[in-house]
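Note that the protein sequences, when read in sequence, are chains A and B.
Count along the first sequence from 1, then add 591; that gives the number in our numbering.
Count along the second sequence from 1, then add 142; that gives the number in our numbering.
Worth flagging that the hints you see were computed from the coordinates, not collected in a lab.
Heads up, the beta-carbon is just placed ideally off N, CA and C, and yes, glycines get one too.
Heads up, a few of these hints could be off.
Listed below are the simulated DSS-like cross-link pairs for lysine-lysine, each with C-alpha atoms no more than 25 Å apart in a straight line [claimed, not checked]:
no. : chain 1 : residue 1 : chain 2 : residue 2
1   : A       : K777      : B       : K333
2   : A       : K742      : B       : K347
3   : A       : K609      : B       : K347
4   : B       : K340      : A       : K670
5   : B       : K333      : A       : K745
6   : B       : K564      : A       : K742
7   : B       : K511      : A       : K789
8   : A       : K741      : B       : K507
9   : B       : K340      : A       : K686
10  : B       : K340      : A       : K741
11  : A       : K742      : B       : K510
12  : B       : K178      : A       : K789
13  : A       : K670      : B       : K347
14  : B       : K510      : A       : K741
15  : A       : K699      : B       : K507
16  : B       : K340      : A       : K609
17  : B       : K510      : A       : K745
18  : A       : K777      : B       : K148
19  : B       : K511      : A       : K745
20  : A       : K741      : B       : K511
21  : A       : K686      : A       : K699
22  : A       : K742      : B       : K507
23  : A       : K789      : B       : K510
24  : B       : K507      : A       : K747
25  : B       : K507      : A       : K745
26  : A       : K789      : B       : K564
Cβ-Cβ distance ranges computed for the label pairs, FRET-style [unchecked claim]:
no. : chain 1 : residue 1 : chain 2 : residue 2 : range
27  : A       : R827      : B       : D527      : 47 to 55 Å
28  : A       : F965      : B       : D527      : 41 to 49 Å
29  : B       : K347      : A       : T782      : 20 to 28 Å
30  : A       : R798      : B       : T306      : 55 to 63 Å
31  : A       : P628      : B       : K347      : 21 to 29 Å
32  : A       : G797      : B       : N157      : 49 to 57 Å
33  : B       : A442      : A       : R696      : 32 to 40 Å
34  : A       : I726      : B       : R482      : 37 to 45 Å
35  : B       : T306      : A       : G797      : 40 to 48 Å
Anything over 10 Å on all C-beta distances counts as not near chain B; from chain A, calculated [stated by the list, open to error]:
no. : residue
36  : D656
37  : V1115
38  : I1156
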Amino acid sequence: MAEIFIDNQRFEFTGTVKVLQFILDKGLDLPHFCYHPALSIPANCRQCYVEAGMPVFNKETNAYDLDENGQRVIRWFPKLMTACNTDASDGMVVKTHVTSELVRRGQKDVLEFILINHPLDCPICDQAGECPLQIQTYKYGPEGSRFEHKKVHKPKRIQLGPRVVLDAERCINCTRCVRFTDEISKSHQLTIISRGDKNYPAVAPGREFDDAYSLNTVDICPVGALTSADFRFKARVWDMVSTPSIDITNGKGCSVDIWTRDNLVLRITPRENKNVNDVWMPDAGRTAYTIYNENRVNKPQLMLDGAQVPTSWTNAVLTVHEKIAETPSDQILVIASAFSSLEDNFALSSFFSKLGKGSVGFTPHIVPGFGDGFLITDDQAPNTSGVRMLDVAEHSASSLSDAAKNAKLVIILNDDLVGRGVLTAADLKGAFVVALSSNLTATTAAADLVVPITTAAEHVGTYVNVDGRAQRTRAAKETAHRGRNVNMDMSKGRLDHFGTHFDNWVSDKNRIDCVPVWEFLTNVATEAGIGFSYSESGDVLRDMTATLPTLSELTYERMDAENGISLITESNHA
Amino acid sequence: MSFDWKSYQPVLIPNIPDYHKLSVYEKNGGYEQFKKVLAKQDEFTPEGVATIVKNSGLRGRGGAGFNTGLKWSFMPKPDGGPRYIAANGDESEPGTFKDRVIFEYNPHSFIEGALIAAYAMRITAVYVYIRGEYRSWIRMMEAAIADAYKAGHIGENIHGSGFTTHMYVHSGAGAYICGEESSLMESLEGKRGYPRVKPPFPAQKGLWGRPTTINNIETLANVPYILKIGAEAYAAIGAKNHPGPLLYGISGHVNKPGVYEFPSGMSIETLIYDVCGGMRNGKKLKALIPGGSSTPPLTADMIVGTTMDSDSLRTAGSMLGTAGMVVMDEDTDMVDMLTRISHFYHHESCGQCTPCRDGTGWLEKTLKKINRGDGEMRDLDLLLDICTQMEGRTICALADAAAWPVRFTITRFKEDFEARCKQTVYATA
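Bound conformation, chain A alone (with noise of 0.2 Å):
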């Protein structure tokens, strides 16, 4: 196997890679900017340098030459080598900044070079705190400048488009943003413009950069250059904390990171999954932060003459529980969802099946010529295969609605049928309609009782996205029911590890009164007397995981463990 020393350390290699690569698959460290490891090589921040040099291989005597102390001679390239675009070869030796004071030298020198023209504006930077040239800089930067002239200026908040603010003072010219759009998403809408230190990247005069994967050139900026509209100075990042969940504004479900700060989502960012999105997201599920904030439901309505007005939560389960009795079976339409977790529509229809009332069904939600064939794909919902694979009858659009003008009592789980125009609130005129629902909508605005519920950033759910992949979500925020000390399960930031009790405070406006579906009906199901009880998430799913056999494996440790499990085999591949 082919072996390369660095810094006086031997690896193994096979096949063809950057030193760059290799030295980072080894967790070791080279600090680096324009590189990413998605994007095509251009070598431009020249921050990667390392000594390079080959062996002498003696063909004569088909070995390597030694010198006096039995040491292989090395050839050293002349000039210092980025790694990032230097092969690694049999019997190469690299010299990092660790063993070589000239890389350390290199490195600082174009550390001093970068700087020179960056406004150093740290303390207002939306980037500070996850900067790769601030880490860089305190890492391998020289201690001060000896640059005393005026910086060059730059055009400054300049709206690139609708969701991407470009500050170009802060640019460091990396071109990942310009290799983005051309290499990824393929929109070709960036380049860089004007020369020498007064580039910066811009789109062409009278287009606007509205890519419908922009953001993600903000994630790739490694300086504070390019920033998100939404979330511009809203937070600093040490002061959030940042759950892995899933996307569920559509049917790819990307992995994300949720970054809640107050009990608010301040933004959401790709999480890394070689399976799913690598490292992208569509800029919509970045806007998911406005579901889980806005528009929420907020304490159980019921409809009393004309108007939604608040009731206790023992009034909306005496409610639905009075109604399930007195109506005839026959007559109760329940609606599952493909918004909703596998854990919710399961407790929803094992709920119905041991009354042995009502019959479960849902309706798929896909605009077909919506995807790309990317990342956005044309199902709008993020569980349209896991409610398949349920015991749950899948519904046209137009026999659902045959079905709602027939049933005395409808009980829709979080999807909005009549905003999509599914349903109409004539259809439902004639009939108890029970919308058990995390946001206001207009089927809430139909509802003779709103059930407030968690949405995926305040429950654990597993999610089946289009391609057949079980991932799950984590409680990102805290409900008024369940906060931080009462849920062990939710992540903590800085604040929980080392703050006061003061330093870490969520505003009571914050937490949303609403309970998970399973512990709603947990609560109607003790007053109608069934076995049905449920008391976290994990519960539903080792009883779905035990009633279902494609289901079998699923187990949230092995989902966090595998980044999601892919539940198309060949057995249960249609």
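Dock chain B against chain A, hints included.
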């Protein structure tokens, strides 16, 4: 060197009226070398032509001075796909203006040379990249190529030989960096002129990913003459390791500046004091930039006995470059001169690599400070430091081209710089 320069008969810019016209060029033996090659393809195989050029010792006139025939031999075997020559007429370096006279006075010699090169490398298209500021000269080249097409020298099945190639003029848009061969290709492809990372080299992956050779205009204009007189006779012209006729573009404080053609290896003193009629107003020589602004300047002492060829100039401490000589007399303000050169490189850095993007600006700002009298002695050390931080640390050679004049002007004309700086003393612990 006791060379009788007065009796030298120029071949690249011969003294024949209307030589730029196809009829005049043909009357004086034009396109005969190309026709000879096409007619006797058994004798002049493509590889054979490349070998002749290689043996002639012709070295690239664009500055790097690489053996032209050897460069041609790097082209891979034809695979049926397109192959290109990019002829580099972007000459934008301060002090360099030699290709312009070829466009103006002898375009067909270049076209014929390019066609022979195309034959030798089995090229399907030649792109002539001319800097955008040369508007008139672009039109001249376009007219000359149109004439050559009309006469059947370019196009399909040229003169019934079965050899097909095409030639197009492409105008630059005013960027010095596009004279660097890989950014020239980017520019030809319609992209931003950013130099490419090598490898892959242009012979493997050039224009549109196809094998490409980049040659200077003057280099290709030499080719017909090589085939006319033979490799050995050509190799005997001028300096041993850098043979052939050379266009000397002489500017600055001489009485008769201009482009002169002489064999390579001319004595610098002969060129200044005899050919150009001596220093203007009888002043003393102070400094000489031998080959375009990026080559290290020489002091008056250093040019004594030095000749214009790569070996002699390397010994003297500079480079031949493009043989664009800038002569400066004793009144020249070296600080001002260097500030102006640094301004050029700051303005022209493409901004791709960090050291060049930010280093060129820093050099200029520091030099401006010194030039206006605000500099301190330590700024000179800083300038040399910045040079060290730039040299050899970038994708292309622009950082070197920007750093060398600074390094060598400061070290060779130290007194001028020190006299301009404040004599600040910093207490050290």
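task = Of all the hints given earlier, name the ones this structure violates by number, lowest first.
result = 2, 10, 12, 18, 26, 27, 30
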